[in-house]
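Undergrad: Each chain is listed here by its residues.
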Amino acid sequence: MERQSPLFTVFVYAAALLLAAIILAPVLWLFVMSISSAADLSTKPLNWWPNEIDLSRYRLLLSTIENSAGASFTASLLNSLKVAGMATLAAIAVAVPAAWAVSRTSQISWSLYAVIATYMLPPVALAVPLYMGLAYLGLLNSVFGLALVYLTILAPFTTWLLKSGFDSIPKEIESAAMIDGARLDQILRIITLPLAAPVMATSALFAFLLAWDEFFYALLFTSDLRAKTLTVAISDLAGGRVSDYGLIATAGVLAALPPVLIGLVMQRALISGLTSGGVKG
Amino acid sequence: MSGTWITTRAWLLMLPLLVVMTAVIGWPLIDTVRLSFTDAKLVGTEGTFVGLDNYVKVLGGSSFQRALVTTTWFAVVSVTAEMVIGVLAALLLNQQFRGRTALRALMILPWALPTVVNATLWRLIYNPEYGALNAALTQLGLIDSYRSWLGEPGSALTALIVADCWKNFPLVALIALAALQAVPRDITAASLVDGAGPLNRFRYVIMPYLAGPLLVALVLRTIEAFKVFDLIWVMTRGGPANSTRTLSILVYQEAFSFQRAGSGASLALIVTLLVTVLAVAYAGLVRKAAGAS
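Heads up: the sequence lines are chains A and B, in that order. Taken in order, the first sequence gives residues 1 to 281; the numbers are from my numbering. Taken in order, the second sequence gives residues 1 to 293; the numbers are from my numbering.
Honestly, the hints are just simulated from the structure, not real lab data. Treat the hints with caution; some may be incorrect.
[Said to hold, decoys possible] Covered, in the sense of this in silico footprint (three residues per stretch, anywhere, with C-beta under 8 Å from a C-beta of chain A), are these stretches of chain B: (1) 130-138; (2) 268-275.
[Said to hold, decoys possible] Label-pair ranges, simulated between beta-carbon atoms: (3) A:Leu261 <-> B:Asp186: 36 to 44 Å; (4) B:Asn94 <-> A:Leu261: 38 to 46 Å; (5) B:Met207 <-> A:Glu172: 44 to 52 Å.
Ideal Cβ placement from N, Cα and C applies to all residues, glycine included.
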């Protein structure tokens, strides 16, 4: 083991503090803004900590009183949940059989590259026909239409993740069951899918986060409370005439909460899922 | 079981995915190609065939050339900074110190923050009247008067790059850290016994393990940076004076703000082509690196 000089140890701790500050400062500031009064946020010199903690914006945004800022925020929150939920379910449903087939059939493994290639496509390459198509189907400004469009991102992404998940489940388990006379649907239902459950859960969570994050298509294809998602609502707030910066910050904190919590939990799930997923199932 | 049946069965299982992808990716892409040869409007007129007119106009226009330069600058500077800071952070996180696990967990934070929230957050920080950056720099005595960081063409793009870096360097750091942890301890120990200095150790002992994963991170980050839209739309909408108008913003304006579907489509395809060239070039690089190590 390397013996560390005291000077080096001091340097390591100083660098660690700097890194922690760089990561934390902006996030903490977002939170502080959300609990500061409007007066504290608009004084010079700026108050870095509020004189008194003001939680009224959280109450306001999470209320459902008609025609309030809260009503439109909660509506967009619900829309985001609906769109991300539907798109994730649909993506997993089409990706599971495809990913298994690609994983187990070397003759068609090339098709995976075609699927991944579409994931690299810039959304602008599809946006105009998708807009016209949705308009034709009457699906503009609809959560169903947006969920459908999100499949352009989620379907290739989940197929890719699930394929490597199935790769880690030994083929031999399936062959053994086949020799014992099990049918394909029995093998998948009783052996493969339960073993793949952790990978499927991880893929679904990642897909959900991807949809929760999406902004470009949501900006193009939604226009009011019926379908507008959280990202569009926040961008409206940030770019609008809102004079209370704390309100914008509060919306940001609320929108960031689910993915940040999932991210912190997933960190462990990711590592343990990779190492123990096949054993425990 | 015969080979043909296995292949047929595989295609049958692929069918739902293929149907979905044809409907939402295949068809729109082909239709974008068709539209790019017409003068169609977004709503109303079907448009007539105009040959290569759109492409000639777009490629010769100053707005495309300027957006290409802006996009390239944004991608090169932010990705380079993200790789350098990310690797430095990973080297730090690979040391022994108290609180290392907590710091590693913190790295998830910027990554998990939705892009739009990140953009909003930095927009508030850069605010010309009450922003935290102005306040901090003034209180530290570094600037005399408040500045409009996003409102001046000279500083807007740099301000965006900082916001992009903050969100994305932790991902590079986590990828690099995973690679660093794969370096066998006895190799680093042996290199120490042989008297290798820190720089030589990094170059000859650690770098071979880092190169592959870093190259993959570089590919993905460059492609993402080249497609950048959300961050810029929320923070500056391409302004001031079009100084932050990247290619994706330009396509949006052409196709949706001005409703010129035809020329918007041709612009979108040029962007797609550029991204494809990047992806293919990098895929070649990755394969070469994988073969070399």
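Undergrad: For each hint, tell me whether it holds in the structure or not.
TA: Hints, verified against the model:
1. With 4 residues having a beta carbon nearer than 8 Å to a beta carbon of chain A, the stretch 130-138 of chain B meets the requirement of three or more and the stated coverage holds.
2. Here the stretch 268-275 of chain B counts 5 residues with a CB under 8 Å from a CB of chain A, which clears the bar of 3, and the coverage holds.
3. Take Leu261 (chain A) and Asp186 (chain B): their Cβ atoms lie about 40 Å apart, and the range 36 to 44 Å holds.
4. Separated by about 27 Å at the C-beta atoms, Asn94 (chain B) and Leu261 (chain A) break the suggested range of 38 to 46 Å.
5. Separation of Met207 (chain B) from Glu172 (chain A) is about 38 Å and departs from the stated range, judged on CB atoms against 44 to 52 Å.
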